[in-house]
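Visitor: So the chains spell out like this:
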Amino acid sequence: MAKAPDVSKLKRALMRSNTRLLLSAVLLFQFAACLLLALKTQPLDTQALLFAVAVPLTTYLFSTLITRLWPVDRAIIILTLLLCSIGIITLKAIAKSPTTPGTQAKYALLGLVAMGLGMGFIRLMRRPGKGLTLAMMVLCLLALMTPWVLGSWKDGARNWILLFGGRVSLQPSEFMKPVFLLVLASGMSNRPRFLRTLPTLAFAAACCGILLSQRDLGALLIYFLSTVAVFFVATSNGFLTLAGLGMGAGAGYLAYRALPYVQRRFAMWKDPWSDPENYGYQLVQALIAIGSGGLFGMGLGLGSPRDIPLYHSDFIFAALTEEFGLVFSVCLLILYVLIIMRGLIAAMNARTSFHSLAAFGVVAMLGLQTMLIVGGNTQLLPLTGVTLPLISSGGSSLVSTFFALGMLCGITSLNTEDEARDIEQIEIRQEAML
Amino acid sequence: MKELRRNMRLVGALIICLFTLLCAGYALTVYTQGAQWASTAYNTRGNASGSLRGEITDRNGVTLAATDEDGSRVYPEDSATRRALSQVVGDTRGMSGASVETFHSATLMNLSNSLTGRLSELISGARHVGNSMELTVDSRLQAYVSSIFPEGKKGAVCIVNYKTGEILCMVSKPDYDPAEVLAHPDTAVEDTAYLNRCLQGLYTPGSVFKIITAASALENDPGVVDQTFSCAGIWEFGSSKVNCAGNTAHGNLKLKKAFAKSCNVTFGKIAYQLGEDRLRATAERFGFNENFKFGDFLIYNSKFPTQTTGDADLVWAGVGQSTVLVTPLHMAMISASIANEGVMMRPKLVREVTNSNGATVTRMETAAYRQVVSPQVAQTLASYMYEAVQSGTASKAAISGAIVCGKTGSAETSDDKSVKTNAWYTGFVYDDDHPYAIAVVIEEAGAGGSQAAPVAAKALKKALELAP
Chain A
376 MAKAPDVSKL
386 KRALMRSNTR
396 LLLSAVLLFQ
406 FAACLLLALK
416 TQPLDTQALL
426 FAVAVPLTTY
436 LFSTLITRLW
446 PVDRAIIILT
456 LLLCSIGIIT
466 LKAIAKSPTT
476 PGTQAKYALL
486 GLVAMGLGMG
496 FIRLMRRPGK
506 GLTLAMMVLC
516 LLALMTPWVL
526 GSWKDGARNW
536 ILLFGGRVSL
546 QPSEFMKPVF
556 LLVLASGMSN
566 RPRFLRTLPT
576 LAFAAACCGI
586 LLSQRDLGAL
596 LIYFLSTVAV
606 FFVATSNGFL
616 TLAGLGMGAG
626 AGYLAYRALP
636 YVQRRFAMWK
646 DPWSDPENYG
656 YQLVQALIAI
666 GSGGLFGMGL
676 GLGSPRDIPL
686 YHSDFIFAAL
696 TEEFGLVFSV
706 CLLILYVLII
716 MRGLIAAMNA
726 RTSFHSLAAF
736 GVVAMLGLQT
746 MLIVGGNTQL
756 LPLTGVTLPL
766 ISSGGSSLVS
776 TFFALGMLCG
786 ITSLNTEDEA
796 RDIEQIEIRQ
806 EAML
Chain B
246 MKELRRNMRL
256 VGALIICLFT
266 LLCAGYALTV
276 YTQGAQWAST
286 AYNTRGNASG
296 SLRGEITDRN
306 GVTLAATDED
316 GSRVYPEDSA
326 TRRALSQVVG
336 DTRGMSGASV
346 ETFHSATLMN
356 LSNSLTGRLS
366 ELISGARHVG
376 NSMELTVDSR
386 LQAYVSSIFP
396 EGKKGAVCIV
406 NYKTGEILCM
416 VSKPDYDPAE
426 VLAHPDTAVE
436 DTAYLNRCLQ
446 GLYTPGSVFK
456 IITAASALEN
466 DPGVVDQTFS
476 CAGIWEFGSS
486 KVNCAGNTAH
496 GNLKLKKAFA
506 KSCNVTFGKI
516 AYQLGEDRLR
526 ATAERFGFNE
536 NFKFGDFLIY
546 NSKFPTQTTG
556 DADLVWAGVG
566 QSTVLVTPLH
576 MAMISASIAN
586 EGVMMRPKLV
596 REVTNSNGAT
606 VTRMETAAYR
616 QVVSPQVAQT
626 LASYMYEAVQ
636 SGTASKAAIS
646 GAIVCGKTGS
656 AETSDDKSVK
666 TNAWYTGFVY
676 DDDHPYAIAV
686 VIEEAGAGGS
696 QAAPVAAKAL
706 KKALELAP
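In order, the protein sequence lines correspond to chains A and B.
Just so you know, the first sequence maps onto residues 376 to 809 in our numbering.
Just so you know, the second sequence maps onto residues 246 to 713 in our numbering.
Derived from the structure by calculation, the hints contain no laboratory data.
DEER-style ranges, computed between Cβ atoms: (1) R639/A <-> I644/B: 49 to 55 Å; (2) D650/A <-> V307/B: 37 to 43 Å; (3) P620/B <-> M622/A: 52 to 58 Å; (4) R254/B <-> L403/A: 31 to 37 Å.
Each residue gets a CB set at the ideal place from its N, CA and C atoms; glycine is no exception.
Build out the structure end to end from the sequences listed, making use of the hints.
Guide: And the structure:
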């Protein structure tokens, strides 16, 4: 690895001024929202008060310190922390017991560590060798298979494992997402011919098969679509990409014919009002919550989003819309788009195709997952039970998303360093010419 | 690398486009349909807002509910009027789920107020006052109908204007006193008093369903008018049978007379001739098995069996038994569509919503719901219903000086003969100035002709007097 060069003072100053306003606005939002929740009850809610201090402080410290260490894209860091804090605030406002937001906050801290690890990890790995890729493949497959042995059925899927006598529950399909992306990026880098991508594709197919056996259709869809996206970008093979999508659609149709529970989901998507008290209940309650929110919401801590089943995980978008309103929820989607755009820039600026594909994979996965669950909450797409990245409660998803975004940030830091090195080179050359 | 970047730009643009589409689709559906979602019956949200509810008035401007200075809700002084309107207006505790107070809670409190409105309230410190609603019901008619309803019986009466779809009267018995419920939260009310039977009561229609069976026969085979049926009081087919009330043999008769006399054997045979699919198609056109979403009130869905279990089931469905179920308001809408040349109007309960400054927020337009039968078939059915009042089972529905058309029903709700039948009547007055259709159901009262028809006659007579 090359020695990290000094980033020019000018560049650093520019970067800071760009994000200073954003950071102030985010800190103000976090502080105000937590304070509001603290003052809502009599006597004061100490947990919310703690959040009012800790959340902005953590955001400030993390985003400042990490940029001291590596020249990462601060905007992505701030937006990520904003989304995560919106999750904690929403959970604080709607959850019945203080444990849910408390646990989420603890996982968020763990997530920050994971983010740092992600950055460090990707910075060390300019191009993984065959051995490392193979090791990651085996790790990913083995981890995905664990629910077969240690798992238990929950909400119609067996994608959880319980460890230490049930005290810790993990979702391997969430944890393996960054590993899966790394394998894809490694297997597809350097413009491979189709034959050379076959092992990676076989690996992806095996992952999808395992997920299917566990009925984790949401994760299956995300793994599949991410593979297709990365494959197309890496090989420019439009024909095979379309063929893959077609095969996916065919498999989807077969699944629809074979699994009555998929048919039900589909029917409920087309008209949830036809069975509002049984199978359509979730979606009907979600739509009612969204409708009750109106343009500007019922107000933080008001309304009763707890009427929606799974309001803290799969349906948090609907719950959040009831609290904050339509305008806010559209802005929230724009925040995701901003992260995606920054991420795409990072992917395009990356110097190695491995980093480029890894960054792109992170972005594509984030975008697809957000679209699937938001569409599912709002009856625009059939419902697939995936989390809203960074916001839904649940440690596995949060930590893994933080790790993936950490990889993205790590790549941005490498890009900045590379650019700075280029500038240095040019300066040296110019000096030499003079 | 260049190619990689180009592809990424492409896929990235695609993802962002999809996001934009998602945002736009989401914002658009919520903006246009959100209020409708929130106002469905499945919304269990209470109303913990500090805003003052607006007034509810009837079609003549009589106040049915208002909020006084200190923010408490007041209902009419006369307890009989309060009771008569109990399930229509409802109470602020939300006990009566289909009532205006509950169903239109968000509108009455104007929760979807505009940003500028909220800001001006914030600055001026004025208390947020909700919208006022004017209903289509006539409180005088409502009180009268409630007073003539047989003492101690359960049931429902609804009257609609068949040209505009306006609901003039919706009485449901037993009723309750909203003022009492607010003042003493643990008041015991009669069982099921919170239910608005006009909207939430699913009843076996019995012979009033013969309107649909006759419509189906006339549509599918115009020659049925001249077909002669023979009735021996009982018709056995296969291992089952259908019989007329009291096993009365009607002899040889044509459709018109069979309708007037309400002959089960004839209608059983007609249903058998038609077959399940054709009868169901007609019933569904009339609104059975349809998910009604009218926006200004909630109504349960009437049902026609989606799959009959055999010939006996089909034959009994043809005379409105089996598992056929209908709400009284829907039955009134069916009569109304016959009177209105086959056009069912979209029923409405709310005339106008005005905000606290008196400006109109929404005005419910008069709209046709659907052409349910051809004008010719509607004409023929009207003449049959006229015959039923002139010389048939519905003779007690006649009003002197008015052209009354109707059909009675005596629906069996139990195999046990000791339980009396539900008495049904549905019909209308042919009068351009007073275009009223009615449905009456009185639970376990006996025959429709002797029990429900007289109530309908009195109610419509009063409606003719009160109008316009």
